[in-house]
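Chains L and U, in that order, are what the protein sequence lines are. Okay, so the first sequence: first residue is 0 according to numbering that gives the first Met the number 0, each after it adds one. Okay, so the second sequence: first residue is 0 according to numbering that gives the first Met the number 0, each after it adds one.
A couple of the hints might just be wrong.
Here are the simulated SDA-like pairs of lysine to any residue, each with C-alpha atoms no more than 25 Å apart in a straight line [what the hints assert, rightly or not]: (1) LYS70/U with ILE68/L; (2) LYS83/U with ALA132/L; (3) LYS24/U with TYR88/U; (4) LYS127/U with TRP150/L.
Everything labelled a hint here was simulated from the structure, so no lab data went into it.
Read off the chains here:
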Amino acid sequence: MEKEQYQQLEQNVTPKPPYFKNVAKAFLVGGLICTIGQAVSLFYIIFFDFTEATAGNPTVSTMIFFAMILTGFGLYKKIGQIAGAGSAVPVTGFGNAVISAAIEHRSEGLVLGVGGNLFKLAGSVVLFGVVSAFFIALIKFILVSIGVVSW
Amino acid sequence: MKLLGIMLPLLVSLTLLSGCGEKEKFIVYGSPENEKEVETILKEEDYVDKTTVIQYDNSMLVATQIKPWHKWKKTKLEKKLQKKFDEKYPNKEVFVSADYKIFYEANKIKREQVEDNKLKDKIKKLKKLAKEET
Numbered sequence: 000m001e002k003e004q005y006q007q008l009e010q011n012v013t014p015k016p017p018y019f020k021n022v023a024k025a026f027l028v029g030g031l032i033c034t035i036g037q038a039v040s041l042f043y044i045i046f047f048d049f050t051e052a053t054a055g056n057p058t059v060s061t062m063i064f065f066a067m068i069l070t071g072f073g074l075y076k077k078i079g080q081i082a083g084a085g086s087a088v089p090v091t092g093f094g095n096a097v098i099s100a101a102i103e104h105r106s107e108g109l110v111l112g113v114g115g116n117l118f119k120l121a122g123s124v125v126l127f128g129v130v131s132a133f134f135i136a137l138i139k140f141i142l143v144s145i146g147v148v149s150w
Numbered sequence: 000m001k002l003l004g005i006m007l008p009l010l011v012s013l014t015l016l017s018g019c020g021e022k023e024k025f026i027v028y029g030s031p032e033n034e035k036e037v038e039t040i041l042k043e044e045d046y047v048d049k050t051t052v053i054q055y056d057n058s059m060l061v062a063t064q065i066k067p068w069h070k071w072k073k074t075k076l077e078k079k080l081q082k083k084f085d086e087k088y089p090n091k092e093v094f095v096s097a098d099y100k101i102f103y104e105a106n107k108i109k110r111e112q113v114e115d116n117k118l119k120d121k122i123k124k125l126k127k128l129a130k131e132e133t
C-alpha cells in the first residue's frame, strides 16, 4: 500500500468530529463557569467592601480555589472531557494546570518536586502574560507621550 | 434531549424574572429640592438606566447604572456626567459614580431610611471606597 493510499483510507475511516456539538458544549459549560464567577463577584460586592473595580482579585482567587477542590477530587478532568476549551479558557483552567502539576510531582518532594514543577504547564501563560503586558504598556506609554491618546 | 431539559427551565425562569423586574428608575433620598431638574438632566442622557440620588446639606451623591452596551465606556460616561453636574450646580458638591457597589449602598440607605448624622459617615466611606483602585 502506498503512503497516499493509506492516507486516503485513513481519512475515509476517521469519524468526523462533531464540531457544532463540541462548540455548544464548550459555550454552555464556559458560560456556566463565568456565571458562577459573576455570582462570586456580586457576593464580594454586596457582603464586603469591594467595588466593581476591586472585586476582581478576590473573585479570581476564589475561582481558583474552586478549581483546586475540583481538581483534587478528580472532577475537573471530567468537566474538561465534556467541555474542552470551555473549561480550559477561564481562569479555572489555569488553576487546574497549576494544581494538577503539583499533585503529579508531589512524590518527588516539596522543593524539587512540587516547587520545581508547579509552573511546568502554566509557566508559559505567566511568562507570555507578563511579556505582552509589558509591551502593551510600552506602546500605550509612547502613544500617550506623543499625545495620540490619553490614559 | 438532555440539553433541552437543562435549557428549558432556565429560559422559562429568565422570562419570568425579567417580567417581574420592572421597578422605579429614578429614586431621590433626602431633601426633595430640584428633584425634577435632576431627573430631566438624567433623562437627557440615553445611556443611563437607573439612578439613585442622595441629597444632604449642600452635597449630592448620584449613584447610577449604565445600560449594558454602553458599559464598555463606563469611566468616560461617568466623567461626562460628573462634568455636566458640576456645570449645572457649581456651588454644590456632587459625586457621580457608576459603580454597582455605590448604587447598591445608596439603595440600601434609602431602604433603611438612614438618619442624618449616620448618613454623612456612610457617604464619606462610600466616596473613599469608590476611589480605591486595587
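Here is how each hint holds up against the structure:
The straight-line distance between the Cα atoms of LYS70/U and ILE68/L is roughly 34 Å, outside the 25 Å bound, and the hint therefore fails. Among the hinted pairs, LYS83/U with ALA132/L is inconsistent with the structure: their alpha-carbon atoms are about 35 Å apart, more than 25 Å. Distance check on the hinted pair: LYS24/U and TYR88/U sit about 22 Å apart at the alpha-carbon level, within 25 Å; holds. Of the pairs offered as hints, the one joining LYS127/U and TRP150/L holds, with about 22 Å between alpha carbons and a cut-off of 25 Å not exceeded.
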